[in-house]
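Here is what each chain is made of, one letter per residue.
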Amino acid sequence: MEKGGVEHEITELRLGLPGRDVTEKMMKKRGFTEMIMTSSGSNSDESGVVSGGDVEKINESPAAKSEVVGWPPVCSYRRKNNCKEAWTTKVGLGYVKVSMDGVPYLRKIDLGSSQDYDDLAFALDKLFGVRGIGVALKDGDNCEYVTIYEDKDGDWMLAGDVPWGMFIESCKRLRIMKRSDATGFGLQPRGVDE
Amino acid sequence: MSEDDEDQSPATDLRSQPPCSPNKSRNCISSSQTFPDHVLENVLENVLQFLDSRCDRNAASLVCKLWWKVEGLTRSEVFIGNCYALSPARLTQRFKRVRSLLLKGKPRFADFNLMPADWGANFAPWVSTMAKAYPWLEKVDLKRMFVTDDDLALLAESFPGFKELILVCCEGFGTSGIAVVANKCRKLKVLDLIESDVTDDEVDWVSCFPEDVTCLESLAFDCVEAPINFKALEGLVGRSPLLRKLRLNRFVSLEEVHRLLLLGAPQLTSLGTGSFSRGDQSQQEPPDYAAAFRACKSVVCLSGFRELMPEYLPAILPVCANLTSLNFSYANISPDMFKPIIHNCHKLQIFWALDSICDEGLQAVAATCKELRELRIFPFDPREDTEGPVSELGLQAISEGCRKLESLLYFCQHMTNAALIAMSHNCPELTVFRLCIMGRLRPDHVTGKAMDEGFGAIVKNCKKLTRLAVSGLLTDQAFRYMGEYGKLIRTLSVAFAGDSDMALRHVLEGCPRLQKLEIRDSPFGDVALRSGMHRYYNMRFVWMSACRLTMGCCKDVARAMPNLVVEVIGSDDDDVNRDYVETLYMYRSLDGPRKDAPQFVTIL
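Chains as they are written, first to last, in full-length UniProt numbering: chain A, 1 to 194; chain B, 1 to 604.
Keep in mind the hints are simulated off the structure, nothing from the lab.
It should be emphasised that the depicted structure is a prediction, and the values quoted were computed from it without experimental measurement.
Fair warning: there could be bad hints in the mix.
[What the hints assert, rightly or not] Dumping the calculated EDC-like pairs for lysine to aspartate or glutamate here, alpha-carbon to alpha-carbon at most 20 angstroms: (1) Lys80(A) x Glu195(B); (2) Lys108(A) x Asp200(B); (3) Lys172(A) x Glu202(B); (4) Lys80(A) x Glu164(B); (5) Lys80(A) x Asp200(B).
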């Protein structure tokens, strides 16, 4: 096997943090791969949304080494099931089940990847391929659907009333109902007191 | 356990037209022979039926038009390594009597979140076409495909004799789809859901199996993240006398496994335990789990062990001596827990585990498992800068103790060239060598040199090597070795390696059997890409992400090679004129570019 001057050069460069300058060159190229890294780290499309606000600028310091998408190459199934993240932390990830009237299948959404009700609205739209669910969160009157959620006490509440932070902490699951079925949730036309 | 992505023979060579030369005298069959064509056809049909290997069948089909036609009539199992290499219509036109389909979709790097969701690989067009063309379809085996509940429903309704459904690394469906299959496929023998993303639709699918005796031989649902009706499962196992393989999910507790084993254990050859811990820590004495395992006289393959409570692990001791396959890769087992177990596993051939067993555990494997063929060590903590409980010491021990090793996947933080060189000499049977040094660009941690010599030794001395994945600090020299010695390599995975275009050129020019090439974050650019143009029609796919390719060059390649589909993934709308290519995925195709490409894919 050949030996050459190249080897010596390599050892010289690598006495410090390995591959630092090479790493920096490569960091510049990672625009998209960084962008697609959702907070759940999952490759399922159930959370649906990559919020614009989450895109990180490429960090050129060595600390960024640990943020490379898909490295080490452990497949996403295995990462999800890694016993290090005991199944109890799945709750902590903010996944809640979402059902929609008329749709036979449940979906799951990661509340942690939305920033506010608008984000959540957009994500729900994408999840079910329907326009206008989102609107229901804020403007009760204007559309066919309303979104309700089950809170920690088991009560069903209308989404959108409480501050976002409080909402994601207490929301256990979501349901999208037809407005016409949603009697008893205190939905009133605007301007009428409850 | 999930199958490794390995083929023994090149992908189906589905040419658009059969070779023409019916008049050449060296062909044994021509229009001027004495027997009428249909008699000859019958004879040929009866003979070709015995050909199983698709390599042989591909060769036979090239003899002449008649052989092409008859081979097409007699091929019952079709393998399609890339679902976009051809259209479903072409499949049904050429092969008339298919009973079994193996279909692969997304490229492997999609598993590592390097591709956005919704890229494609939809099963829908395949199932709808086959529903009309293959009423006698019995088996479907999919890998990395997007399968919906509707697809599963159509499958269940369209094929009355359907027997085997195997879904590996698939997504898009849920327990409602599974329920339809369970209910309608009355001849179902195999239902294997492996490493797939299955939505919990809150459907009791286990209860959907028909109430009489079933034909089930294999049921694997360890990846289904949903509670199941245990009573229904017990009933199902009780009325499935042919059941040999059962892989449970983590919602089945150890007590429940215990009950199942006492019910149906003597026939089981493969068992995937559910959760290996007690649900309620009640005051009662725990059941005698060892007794349950003692009843498993035929079990040779053991997996599962999710949520392991280590004190219960010794329960499996009664079966260890028979085990040929053991998967601990979801269990955090320390060396002390591990050694007493492995000490009994003399017949072990396949072993998967987490690196929590440490070098010490690997030494124990090396001391006992002399028949070991396949070893996979996964990282408990898959990050770059952790301590790393396994190293070159474990690898060295394995190479010395397990001389029959054929397949290796090893994640570690540190490695040395010396250990790789030793392995290359000690394990000449190696066909698969995948080493992942988790720290990018990390050199030999003893000598400080690049890992060139170590990988060089592997390609040079392991003469049967067909699959290679490299890591650590690698210069162009490593690739020079690959090109010079890697004559049988079919699959090559490269990440953060090489210095220049020459590296990739060495491989493209030197490895004649290369089929699947996946590269990320390496400094290979246009010159390298162009150097492989003589090869791309003979390859299944090329993946290059975060390299140095330009749009211009990719367009040139696309123009020069009309049967190559060149996908550029991830260009923003704003940057449509941007020259830099983030991800290139290209593959040969008989039917041109696909029609279902999402917005973020640009087909050149």
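Practice task
Would you mind confirming whether the straight-line C-alpha gap from Lys80(A) to Glu164(B) stays at or under 20 angstroms?
Solution key: violated (27 angstroms)
Exercise for the section: For the pair supplied as a hint, Lys172(A) and Glu202(B), confirm whether the alpha-carbon distance does not exceed 20 angstroms. Expected result: Answer holds: Lys172(A) to Glu202(B) is near 16 angstroms, not above 20 angstroms.
Problem - Hint consistency between Lys80(A) and Glu195(B) [alpha-carbon to alpha-carbon, up to 20 angstroms] - result: holds (11 angstroms)
Practice task
Would you mind confirming whether the straight-line C-alpha gap from Lys108(A) to Asp200(B) stays at or under 20 angstroms?
Solution key: Roughly 9 angstroms separates the two Cα atoms, so the pair holds.
Handout entry: Agreement of Lys80(A) and Asp200(B) with the hint, judged by alpha carbon distance not exceeding 20 angstroms
Key = holds (16 angstroms)
Of the numbered hints stated above, the single one contradicted by the structure is hint 4.
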